[in-house]
Amino acid sequence: MALTKEEVLHVAQLARLALEPGEVELFTRQLNDILAYVEKLQELDTSGVTPMAHVIPVFNAFREDEVKTGLDRDAALDNAPGREEGSFVVPRII
Amino acid sequence: MTDALYSLSISELAPLLARREVSPVEVTEQLLERIERLDGALHAYLTVDGAGARAQAKEAEARLGQGEATPLTGIPMALKDVLITRGLRTTCASRILENFVPPFDATVCAKLRQAGAVFLGKVNMDEFAMGSSTENSAFGPTHNPWNRECIPGGSSGGSAAAVAADFCIASLGSDTGGSIRQPACHCGVVGLKPTYGRVSRYGLVAYASSLDQIGPLTKEVRDAALLLNCIAGHDHRDSTSLDAAVPDYLEGLGRGIKGLKIGVPREYFGAGLNPEVDAAVQNALKTLEGLGAELVEVSLPHSEYAVAVYYLVAVAEASSNLARYDGVKYGFRGEGRNLLEMYGATRTQGFGAEVRRRIMLGTYALSAGYYDAYYRKGSQVRALIRGDFETAFEKCEAVATPVSPTPAFRLGEKVSDPLTMYLSDIFTISANLAGIPGISVPCGFSASGLPIGLQLMGPPLGEATLLQAAYAFEQATDWHRRKPQL
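Sequences listed follow chains Z and V, in order. Using the working numbering, you'd call the opening residue of the first sequence number 12 and step up by one each time. Using the working numbering, you'd call the opening residue of the second sequence number 44 and step up by one each time.
Honestly, the hints are just simulated from the structure, not real lab data. These numbers were taken from a predicted model, which means no experiment stands behind them. For glycine and all other residues, C-beta sits at the position ideal for the given N, C-alpha and C. Fair warning: there could be bad hints in the mix.
[What the hints assert, rightly or not] Computed cross-link-like contacts, PhoX-like style, restricted to lysine-lysine with a CA-CA straight-line distance of at most 25 Å:
| # | chain 1 | residue 1 | chain 2 | residue 2 |
| --- | --- | --- | --- | --- |
| 1 | V | K101 | V | K301 |
| 2 | V | K329 | Z | K51 |
| 3 | Z | K79 | V | K372 |
[Unchecked claim] Stretch-level coverage of chain Z by chain V, calculated; a stretch enters the list once three of its residues show a Cβ under 8 Å from a Cβ in chain V:
| # | stretch |
| --- | --- |
| 4 | 17 to 27 |
| 5 | 53 to 63 |
| 6 | 78 to 88 |
| 7 | 93 to 102 |
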């Protein structure tokens with residue numbers, strides 16, 4: 012399953028990354044090297060194997076539904092690149 | 044008793060502080076002076092917080108005077124810059140967070156503050172913890188204190204270098220595929236990655252959430268036990284943290300390892316292992332045997348698939364975790380005429396090449412039509428790797444292996460070839476995939492004077508046994524006492 016340059020550009024767009032001109036070729040080659048390497052997993056028969064996430068399965072971490080103070084609004088906005096009247100400011104969408 | 048306080052471990056310094064023979068202010072001043080004078084050559088620190096450290100040292104002094112101290116009160120520490128610190132810039136060694144000042148503390152930082160530790164500053168790392176050499180830092184690499192031409196390991200390279208160079212008394216790092224153990228090995232210090240869930244990840248900036256774990260890098264094994272005593276435990280803010288009792292990790296130290304069964308997995312001693320590393324680790328196995336441990340041969344047959352699994356699972360989780368850096372709520376914002384252009388500019392200019400490569404790979408592995416072949420397949424092989432360890436731990440209580448296949452490589456040697464770089468983590472990645480604990484302890488030096496490490500891995504929540512064995516090994520050797528000439 013070799014990636015084409017077009018697919019690399021498509022993936023970049025999905026990830027909201029804009030590639031520099033020379034990077035398309037470089038990333039296509041490097042990503043294909045890595046994908047060729049991970050292809051070795053296909054040697055293994057994993058039918059019936061349950062995918063693993065946590066070493067000790069933890070289910071439903073419940074807690075009491077108590078009202079607590081959250082992060083202060085000003086503190087939450089302090090790192091924003093743009094803020095106005097208690098809100099985040101972004102470039103126009105439409 | 045005022046000379047070279049910076050060179051002490053926690054275990055050496057704490058009694059002096061408790062008896063008030065030295066003051067935390069004095070130790071802190073010595074360390075700040077040393078960092079100022081010598082870190083230009085190593086670049087372990089990204090941010091030094093002199094004013095904050097001095098204030099904390101004064102508070103610690105007062106606390107020591109009132110007899111309300113803990114073993115960590117007044118201990119100056121360096122924190123990997125992936126741990127959120129309230130009011131202190133946290134960059135993840137990325138342009139995208141270059142000016143980010145967190146409004147809250149990571150749970151581990153809050154616990155250390157409560158214990159009275161002093162934060163000297165934040166140390167360098169591979170950007171977002173993605174790398175094995177600290178060369179992926181947006182602010183320039185860290186150099187190995189044993190040889191400036193060599194990498195310190197990564198991603199917690201700043202932590203390991205700062206501990207080895209006596210730029211702090213101890214440090215905390217994070218380990219997603221070996222990022223505590225491998226730099227500890229390359230810098231000749233102790234590094235412990237706890238069981239997944241043993242330490243809260245709240246406030247650890249996420250790279251790969253099912254693999255990330257915080258742990259100590261220290262000058263001796265006892266210090267790692269002390270720090271784990273402080274940071275381990277359940278946290279309602281991290282739903283994956285384990286609700287299991289925290290033992291006193293100091294308790295087993297000194298008990299020795301007579302009769303302890305230590306497995307030696309044959310897959311870790313094959314082709315590709317540097318002969319000097321092989322010799323040092325074989326020697327370490329003999330030492331363990333001499334201390335009364337029983338060596339048993341075990342097999343971890345799926346080891347050869349670990350790197351491939353990691354580079355599917357970790358990158359997939361990374362692509363999702365790093366979607367939050369969009370230039371809206373915090374961090375760097377690029378210019379764009381509309382929202383989409385702004386996102387693209389922000390992420391392209393804000394992330395370095397390796398981060399973008401992993402986001403791309405992860406986005407692809409999770410994209411429509413590929414999820415089963417990649418992420419799901421990877422998670423299944425991950426279960427097989429965990430199964431290997433379960434089988435091995437029926438025959439032994441810990442396994443012993445090398446940490447890294449070679450001593451520290453040269454800066455620049457592997458930067459142009461990501462896959463070769465990835466393969467340098469071949470012995471450490473499995474512990475993260477299986478979720479089990481692992482520790483790296485110094486076990487020798489190469490002919491050219493670079494440190495070599497021994498790795499001990501144990502079953503889930505087996506930290507106490509690992510610390511006990513590592514401590515016994517350390518007491519029988521003096522590798523950890525050597526210091527680099529700066």
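Any hints this thing doesn't respect? Which numbers, in order? 1 and 2
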